[in-house]
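**Student:** Sequence:
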Amino acid sequence: MSAKYILITTYSLKDGVTVNDLKKSSRVQGSKNFYLSEEDSSNELIELRAYNSIASISSDESTLESDFSIFSTWLSGDIRRELIKFVEAPIDSKDELPATEFIQLRHVEVPPENYNKYRKWREETIFEVVRENKNKIISFGAYHSLISGYPGVMFVSAFNGDKASYLEAFTNSRYQKIVKDAGDNYITGGDGGLYTRIYRAVNFN
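First residue of the sequence shown? That's 30 in the numbering used here, and the numbers climb one at a time after it.
In short, the hints are calculated from the structure, not lab data.
Only true hints are included.
Label-pair ranges, simulated between beta-carbon atoms: (1) Ala198 x Ser54: 36 to 42 Å; (2) Ser177 x Glu90: 17 to 23 Å; (3) Ile86 x Glu153: 32 to 38 Å; (4) Thr102 x Ser194: 33 to 39 Å; (5) Ser55 x Ala128: 20 to 26 Å; (6) Glu90 x Asp50: 24 to 30 Å.
Only pairs whose alpha carbons sit at most 27 Å apart, straight line, appear in this in silico BS3-like list of lysine-lysine: (7) Lys146 x Lys206; (8) Lys192 x Lys209; (9) Lys163 x Lys192; (10) Lys123 x Lys33; (11) Lys146 x Lys114; (12) Lys149 x Lys123; (13) Lys206 x Lys149; (14) Lys33 x Lys146; (15) Lys146 x Lys163; (16) Lys192 x Lys206; (17) Lys209 x Lys165; (18) Lys149 x Lys33; (19) Lys61 x Lys165; (20) Lys163 x Lys33; (21) Lys114 x Lys165; (22) Lys149 x Lys165; (23) Lys123 x Lys163; (24) Lys114 x Lys149; (25) Lys165 x Lys206; (26) Lys61 x Lys163; (27) Lys192 x Lys123; (28) Lys209 x Lys146; (29) Lys165 x Lys33; (30) Lys43 x Lys53; (31) Lys43 x Lys61; (32) Lys33 x Lys114; (33) Lys123 x Lys165; (34) Lys149 x Lys163; (35) Lys192 x Lys165; (36) Lys114 x Lys163; (37) Lys52 x Lys192; (38) Lys192 x Lys61; (39) Lys209 x Lys163; (40) Lys123 x Lys61.
Using N, Cα and C, we set each Cβ at its ideal position, and we do this for glycine too.
Modelling step: build the complete structure from the supplied sequences, incorporating the hints.
**Tutor:** And the structure:
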């Protein structure tokens, strides 16, 4: 079952930093929850952490705080974190966090007064596409920001195999119409109001 809360930590890496560099830190060794960006425009490492309550985050306080010094050699900027809360899942996960080769984070900022209409709309459009492609998607969870500098909806989509095959359903003419409808009726927040990013799981062993 999908985690109730997910903490997403983003590490913006300097140009030239590789997995082999990061392996030098005991912080990442053995972890299955680190992902590297597949986007040409960014060199990002992210970590996902699952929690059943906000109070349980305190048990990781020292680890999260120590990241600032542990990763400092490799970072091009400060560490960013956001806490998102589970809302619903057209394809629920068997695990708290994805255990797949790839994940895609899909962010949408929706004006609060339109949120209920948006949820009904996405059930009939986005989620319908997701369910029709369950042979390519391992899990697809809808979350909402609880603490974030980039507020809004966050979809966490998990998949294996060929990226092009996965993306076809989200880039064809049918889905482009869905994106246009979303932009015309529900999305706010300027350039940051809508983005999608694919990440590949990193094995630091």
